[in-house]
Amino acid sequence: MSEEIKEITTQEFKLNMGPQHPSTHGVYRAILTMDGEYIVDVENVMGYLHRGMEKIAENRSYTKFIPYTDRLDYLAAALNNWAYVGVVEKLMQIEVPERAEYMRVILGELQRIASHLVYTASFAIDLSGWTAWLYMFRDREKILDLFEMATGARLTLNSMRIGGMPSEFPPEFFPALEKLLDELPGCFEEYDGIITGNEIFQARTKNIGVMDVDTIINYGLGGPNLRASGLKYDLRKDMPYSVYDRFDFEVPVGEIGDCFDRYLVRMQEMRQSTRIIRQALEQMPEGPIMAKVPKVIKPPKGEAYYHIEGAKGWLGFYLVSDGSTNPYRLHIHSPSFVSLGAFPEMARGGNVQDLVSVIASIDIVLGEVDR
Amino acid sequence: MDFIKTIVELFEDKVEVIEGMDYPTFKVKKEDFLSVVTSLKTSEVLEFTFLIDLTAVEYDEYFEAVYHLMNLSNKQIIRLKVQLDKNNPSIASLTRLYKAADLQEKETYDLMGINYEGHEGLKRVLCPDDFEGHPLRKDYVMPDRGSK
Numbered sequence: 011m012s013e014e015i016k017e018i019t020t021q022e023f024k025l026n027m028g029p030q031h032p033s034t035h036g037v038y039r040a041i042l043t044m045d046g047e048y049i050v051d052v053e054n055v056m057g058y059l060h061r062g063m064e065k066i067a068e069n070r071s072y073t074k075f076i077p078y079t080d081r082l083d084y085l086a087a088a089l090n091n092w093a094y095v096g097v098v099e100k101l102m103q104i105e106v107p108e109r110a111e112y113m114r115v116i117l118g119e120l121q122r123i124a125s126h127l128v129y130t131a132s133f134a135i136d137l138s139g140w141t142a143w144l145y146m147f148r149d150r151e152k153i154l155d156l157f158e159m160a161t162g163a164r165l166t167l168n169s170m171r172i173g174g175m176p177s178e179f180p181p182e183f184f185p186a187l188e189k190l191l192d193e194l195p196g197c198f199e200e201y202d203g204i205i206t207g208n209e210i211f212q213a214r215t216k217n218i219g220v221m222d223v224d225t226i227i228n229y230g231l232g233g234p235n236l237r238a239s240g241l242k243y244d245l246r247k248d249m250p251y252s253v254y255d256r257f258d259f260e261v262p263v264g265e266i267g268d269c270f271d272r273y274l275v276r277m278q279e280m281r282q283s284t285r286i287i288r289q290a291l292e293q294m295p296e297g298p299i300m301a302k303v304p305k306v307i308k309p310p311k312g313e314a315y316y317h318i319e320g321a322k323g324w325l326g327f328y329l330v331s332d333g334s335t336n337p338y339r340l341h342i343h344s345p346s347f348v349s350l351g352a353f354p355e356m357a358r359g360g361n362v363q364d365l366v367s368v369i370a371s372i373d374i375v376l377g378e379v380d381r
Numbered sequence: 079m080d081f082i083k084t085i086v087e088l089f090e091d092k093v094e095v096i097e098g099m100d101y102p103t104f105k106v107k108k109e110d111f112l113s114v115v116t117s118l119k120t121s122e123v124l125e126f127t128f129l130i131d132l133t134a135v136e137y138d139e140y141f142e143a144v145y146h147l148m149n150l151s152n153k154q155i156i157r158l159k160v161q162l163d164k165n166n167p168s169i170a171s172l173t174r175l176y177k178a179a180d181l182q183e184k185e186t187y188d189l190m191g192i193n194y195e196g197h198e199g200l201k202r203v204l205c206p207d208d209f210e211g212h213p214l215r216k217d218y219v220m221p222d223r224g225s226k
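Protein chains in written order, with my numbering: chain L, 11 to 381; chain E, 79 to 226.
No lab work stands behind these hints: they were computed from the structure.
Each hint should be verified, as a subset may be incorrect.
Stated by the list, open to error - Cross-link-like lysine-lysine pairs, in silico, DSS-like; alpha carbons within 25 Å at most:
#: 1; chain 1: E; residue 1: K216; chain 2: L; residue 2: K242
#: 2; chain 1: E; residue 1: K153; chain 2: L; residue 2: K65
#: 3; chain 1: E; residue 1: K216; chain 2: L; residue 2: K308
#: 4; chain 1: E; residue 1: K107; chain 2: E; residue 2: K177
#: 5; chain 1: E; residue 1: K153; chain 2: E; residue 2: K164
#: 6; chain 1: E; residue 1: K216; chain 2: L; residue 2: K311
#: 7; chain 1: L; residue 1: K189; chain 2: E; residue 2: K153
Nothing here was measured: the structure is a model prediction, and the numbers come from that model.
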């Protein structure tokens, strides 16, 4: 910038983005304070999709709330189911049969891949890579077909029960899954060719929205966003729940925590998920899929916090029971909501096109943000 | 577990251990809360640098603010509980220690009506600005939408 241009005084102005905007991934609104082309500040405006989930839970029985969890992060319903039934099982000290645990791992990891596929697809389309979109959705379709076989639904799976799984996978599920696992590595290669190596994609994501690991920790971001900044920390590995301690898999990490790292971490995570599913298929024992639980779920008086490695970050449920048939208080700790908290700082200093790539890279789903 | 002993020794009568919980749980007095969390975060032996979650629960006699903190390197999770006045629930804000607290305190203020002292720009985040009442309170009644 020449001396002359620096001296020009500019006036800050407000720019509205959303709530109806293709790159906000739902009904989210950002009020941008701009200095010319550059972003001075971002104000989050959310709540357009607030349905009062936590209040609804207080008026439903424990089992009846499972379908509601599908509608939190609607791209990762199985993982939401898992975190919710997990907290009730923890409070009631139910031991879930091994076969059910393995079935949960298979569904959960498939769901993680499906969620990351939507992430990469919409990331590409936000940066005008229209072609890529179809590749990911072609393959996600196959995963949704598997979900349909296993649960009868494609998006809102309602796939788990307190104490285990509602039903066995049908016989046609396993060959279809094997076929998918054979195909997926080739698909990932395709994505690398069409997105990762793309010059425009790299130019718009590298060194954009950088956040170092200490700031990420301070903002309370877990999951892929934390790992993208360089900390190797995965709840599946570091505080293993379910049967995750029995699998051999890598935890991919990024280097500097820019948009490209956040993308790359998720791309590699999908590959690791296929490894986990293969091992789960090999190790899966025969046996019951449902623990002995009473017909009416009545956890003892007390409280529990349970969190899992969700697709968007650490998804936690805090449950307080008064010994009755309904939860006394259920708090949902949603990773997308927490990620949005860090979004203004990531976007500051960039211009509007950087902001689009930052918001795509942190992976938010508004159903989960607003609950 | 050693770190529970360390915490009890460090804070003496400021914290009270609650037994029989899924995670080590400590009851903290409202006036000691900020100093306790500051030491938990900055102390070299404890290093609870990660605020996993914060929320609040309403009971018949009082409100209770609940915090989950984590030490990433030692993989320890603790829970802090602070009893708040039923009529005017307020507690010190953690925004100066954890940026994560900013949005989550706004949420708890919005839905439960807890006042976080020292939080700059505490306002509603999920409900509309002109919303009346705090929906997660037990005495909240859904407004009548008229008969169909």
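Exercise for review: Below or equal to 25 Å on CA atoms is what counts here, so check E/K153 against E/K164.
Suggested key: Judged against 25 Å, a Cα distance of about 34 Å means the pair is violated.
Practice item. Starting from E/K153, check that the Cα of L/K65 is at most 25 Å away, please. Key: violated (32 Å)
Review point. Is the hinted pair E/K107 and E/K177 satisfied, with a Cα-Cα distance of at most 25 Å?
Key: holds (23 Å)
Review point. When you check the alpha-carbon spacing of E/K216 and L/K308, does it fall within 25 Å?
Key: holds (20 Å)
Practice item. Take a quick look at whether L/K189 and E/K153 sit within 25 Å of each other, Cα to Cα. Key: violated (38 Å)
Check your understanding: Do the alpha carbons of E/K216 and L/K311 lie within 25 Å of each other, as the hint requires?
Key -> Holds. E/K216 to L/K311 sits at ~18 Å (cutoff 25 Å).
**Study point:** Pair hint E/K216 and L/K242, alpha-carbon separation not exceeding 25 Å
**Key:** violated (41 Å)
Hints 1, 2, 5 and 7 from the list above are not met by this structure, while the remaining hints are.
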